[in-house]
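Engineer: Please build the complete structure, drawing on both the sequences and the hints.
Residues per chain are reported as follows:
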Amino acid sequence: MLEYVWLIPLFPLIGVLINGLFGKKIKNEAVIGGIATLAVVGSFVVACGILFQLISMPGEERHFEKTIFTWIQSGTFKADIGFLVDPLSAVMLMVVTGVGSLIHLYSIGYMHGEEGFYRYFTYLNLFTFSMLLLVSGNNLLLMFVGWEGVGLCSYLLIGYYFHKKSAGDAGKKAFVMNRVGDFGFLLGLFTMWWFLGHNYNVWTINFRELASHADLIPAGGVATAIGLFFFLGATGKSAQIPLYTWLPDAMEGPTPVSALIHAATMVTAGVYMIGRMNFVYIKSPTALLVVACVGGATALFAATIGTAQNDIKRVLAYSTVSQLGYMFLAMGVGAFTAGIFHLMTHAFFKACLFLGSGSVIHAMHHALHHVHSDADPQDMRNMGGLRKKMPITFLTFLIATIAIAGIPGFAGFFSKDEILWQAFSNPLHGEVNIVLWAFGAVAALLTAFYMFRLVFMTFFGETKLSEKAYHHLHESPAVITIPLICLAILSVLGGYIGMPKLLGEVLGGMPNYFEHWLEPVFAYSNNYMAHSLPGAHGEHSPALEWGLMGVSVLIACCGIAFAYALYIVSPTIPEKFTSAFPALHRAVYKKWYVDEIYDFCFVNPCKALGGFLWKGFDVVVVDGIVNGVAGIVKGFSGILRYSQTGYVHNYAYGMVLGTVVIVAVYVFR
Amino acid sequence: MLALNNYLILSAILFSIGTIGVLVRRNAIVIFMCIELMLNAVNLTLISFSHYLGSIDGQVFVFFIMTVAAAEAAVGLALMIAFYKNRESIDVEDVNMLKL
Amino acid sequence: METIAIPAINLAPIMPEIILSCIAMLLLLVNVFVPSESKGYLGVLSLVGLVATAASVVSGWGQPVAAFGGAVQLDNFAVFFKLIFICSAALAILISDKYVVREEINHGELYPLILFATVGMMLMACGMDLMVIFLGLEVLSISLYVLAGFNRGSLKSNEAGLKYFLLGAFSTGFLLYGMALTYGATGSTKIGNIAGFVATNPQVATNSLFVVGMLLIAVGFSFKTAAAPFHMWTPDVYEGAPTPITAFMSAGPKAAAFAAFIRVMIVAFPTLKHDWTDLLWILAVLTMTVGNIIALSQDNIKRMLAYSSIAHAGYALVGFTACNPEGVAGILFYMLSYTFMNIGAFAVIVLIGKKGEANGNVQDFAGLGQKRPLLAAILCVFLFSLAGIPPTAGFVGKFYLFSAAIKSGYIWLAIIGVLNSAASVYYYLRVMVYMYFKPSEEDFDWVGMTPAIAVCLLLCVATTLVLGVVPGTVLELAQKAVQF
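Chains as they are written, first to last, in my numbering: chain A, 1 to 669; chain B, 670 to 769; chain C, 770 to 1253.
Calculated directly from the structure, the hints in this document are not laboratory data.
Beta carbons: idealized from backbone N, C-alpha and C, even for Gly.
Some hints here could point you the wrong way.
As the list claims (entries may be wrong) - Residues of chain C placed beyond 10 Å of chain B at every Cβ, according to the derived structure:
| no. | residue |
| --- | --- |
| 1 | 775 |
| 2 | 778 |
| 3 | 795 |
| 4 | 830 |
| 5 | 958 |
| 6 | 1123 |
| 7 | 1129 |
| 8 | 1140 |
| 9 | 1195 |
| 10 | 1235 |
| 11 | 1242 |
| 12 | 1250 |
As the list claims (entries may be wrong) - Here chain C is said to cover these stretches of chain A; the calculated rule only asks that three of the stretch's residues, wherever they fall, bring their Cβ under 8 Å from a Cβ of chain C:
| no. | region |
| --- | --- |
| 13 | 641 to 652 |
| 14 | 657 to 666 |
Structural biologist: As structure tokens, then:
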């Protein structure tokens, strides 16, 4: 089955070709959606097969490379079309294809009746293809192809409702910010290639080859530069400070798109990339510190904004940014496995949350349409009491929310707690560790708060809808609820494969399967940390670990209690708070005015420069030169043609003149 | 026999006269006669070379040239007649419909 | 009585010429004795004759065979060019029937004349003696004078024939004088002997007789290939002659002139290479530039294609200037592809034209893209090939010529060539703009396709595209052909 790894990206690509070329003619929604979904399901089946085959192999040998052909060979630069299967990519493949299949299925129901149905599925399949290239490519350039591809599809899908100016603008914003990040990625790629090649004559961008030469990379200096360049790319793709403002705007796209791209897969590309390049990052504590600080700051910053938003999808968007901050925090303290673990569990519960919100919006839209109301179906202030009318949606949403809040027993707890523990105990960054842990802890408090605020405002309490509208609410069809149920189950059970040792001992010796699985990928870094870095991984008392675990649970419960108090017990408190601190509330609501600052500093000057270059330079100078040259040549033509007078004598004269000149030149040389 | 140079100079003069004739004269038939003059100048050159080199090739060449010149004359005159039928003139100044 | 010793004459090398001449003469007789109004059967018979000739030509591939004491040599070079001539004659015959019927010049002599012209061309290609080359040139030229003036009722055709005749005979005078001087300086008219003499007596290169002789020969051939400044007859003659004849003239005789030119220059005067390559450099640049620039302002499409053929001769001269095997092989390939793409374009012009040579302007092509899309697409293929846009044969040919020039160190020549190619795109694509983007009332219903023209178009399009995509085989043959 390993031999057929190339089938995994191929199936969605076939889906793109079929739906893209013929989709307009196939009017049947079931066929179009079916083709697209089956393609991803096919990839999932192959991925499962590969996973099982990997499991059956002994630990050190769990890697397989399949090169299809050499794409570029130019001097010393060589890039293949090839695929790398190892534990890390296997995890990513399973997540992308598994969650992707569920979301494709969900989309069939959600996008029912939309014009451009085939266009949606073409783009979705194209995205899946690009993402699979990204995670399974065996060299930096192929990963970059996937990296760009997902950026493109993100733009296409965010701007799916292209009649709305806000959707088009959001798509452009996402693309441009991604592009700024991609610049960093390319700089990192070239620096890496040039450094190893120029100094050690090792010209390669293949992951395994780079990893095998990891010893050649000295600590500090170059490693920091490479790490920071790549991280710039990651901030763009994974929406960290400073390039995160596109993610909330990206909610203009259809909800399944938000679930797939902006929760489960594309935004995790940056985390995956750091995981792949871990052997470079470990050489540069500075770069790791930057990653961790940015991650922690983003986690806290986004969480604060999330508390004041009223649009259900916006809350989830800021929650995504915040959780991504956690993942980077983990990578930044050297806990690569924990970061990937949180990536996986986050995919489950965030996708479930987004799909659930989609179900809610769908129902709200339907109900409001029935009573000809103009109210925003996504505004939580128009909701309330939905749990009676949409039980399955409510239940799955609740499960996912409990998971994200970090309550023990659910997936989110294991991953988030592991990150907080590593942040606290890992001595990589000395005193800063405690600060990072504090950031993470406060963010966890806010996360629990605003997520349960969302649940309470949407599903509990008195409904803000009119009687008639409320009556028209109903549960979504099976196509929508089945993925919800699957993801909710995964939100519960998904965490058990990564149980920390401490808890595992309590529950009868259950090992941390996930850590063990990813060990070969991060072995080099773990070794390096153990031996080379001062004060690395000392022994920590189990008591400290239990203690911190308890603190995490306490924080989560506090957040939930706070939300309960504000939105169930006495719903008037929030209003009193906002009227008491209007400036603070407005600042938080307006996302701390970051968008406005960017507009002033970057967007408007760029627009002005573009306008000047267009009117002043392109039209006047470039067009002038091109048209001028053409005009001159045409002028010559008009003049020269008069040499053809039509008289035989003139022609003969020309011939004789030519002959005389030629002979004279030669004879008198 | 005279020195080779004399024959060569004579044929060069004839050739030049022919060329200038083509450039100056207006009657198409006279132009053609000048062309024939050029060809005969070449014939003269060839024969004189043949004699002085002792090789018969030049004279064989002359036979071919004379034959071809005859054929050309026939064709050329036919073309002039056809032109005259339509244009009532064989003045090459009138051969100017195709231009620019 | 003394028996005259008849030398053993090996007729095999000139068997193609013999076959074709006999068939042409036979057709003349048939034309007189068969009292039929339509002369299409003559076309069919001449095609059959051409096929037979081609078979005889192909059998000569491989080892060179000389005859007549070294005056004629059938080698790969000659075989390649003879096939080009036969193709050009066949294609011209295919498109001529419709034209002559429409213009009411349906005289049967057209076909034998084309065949005689082909015989002349074939002699030029295989001639290894200045006399034989001259004979071939004259047979070709005289047939062409008649063909150019074939339409006796049209003043333009008369004028074309007369101009061609006067200027052609004039240039023949120069050519002959050059040959005479060369003969005088080297003692022989056989090209092989001339080369031998030059090799053993290098001081002859300073002999002004010899140099002038060589230059005059070059001038004579430059007239035939329409190199500037000897190109001025081309636009007028091409515009006035009947369209199928123009098609024929633009392809076959040009290739024949290049064949003889290459043969004489490279075989007879190889040691003076640096002298005449300088001359050719200037000729190439002048020719390309003049041809392309004046073509920009032409409206009559035949005249435009005439100037374009001048420009294409310029590109071929670039390969000649390079004077390395790649360059000369490039010329061979270019002549082959040029035959097909140019006659193909003329075939479409024959279809679009109306009685009295009306409908011959670029503007008359307006709307063809909508009304007759297939025909317009075919013309587009030819226009792209002429402009040198991949994946057509024209691009491959230009690529090889220019890369040969760069290999020889003529970087500026290649740059000028490419710039000229770029400029030429304007007037080729202007036709396309009219075809597709200008509205028109014309519905082109009266454009009638005949099987002959259909076959011709098919062959031309197929060759243009195939040579553009897989030129390897033909290029190899061309490279083998220039090893003499």
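Engineer: Checked against the structure, which of the hints given earlier come out wrong?
Structural biologist: 5
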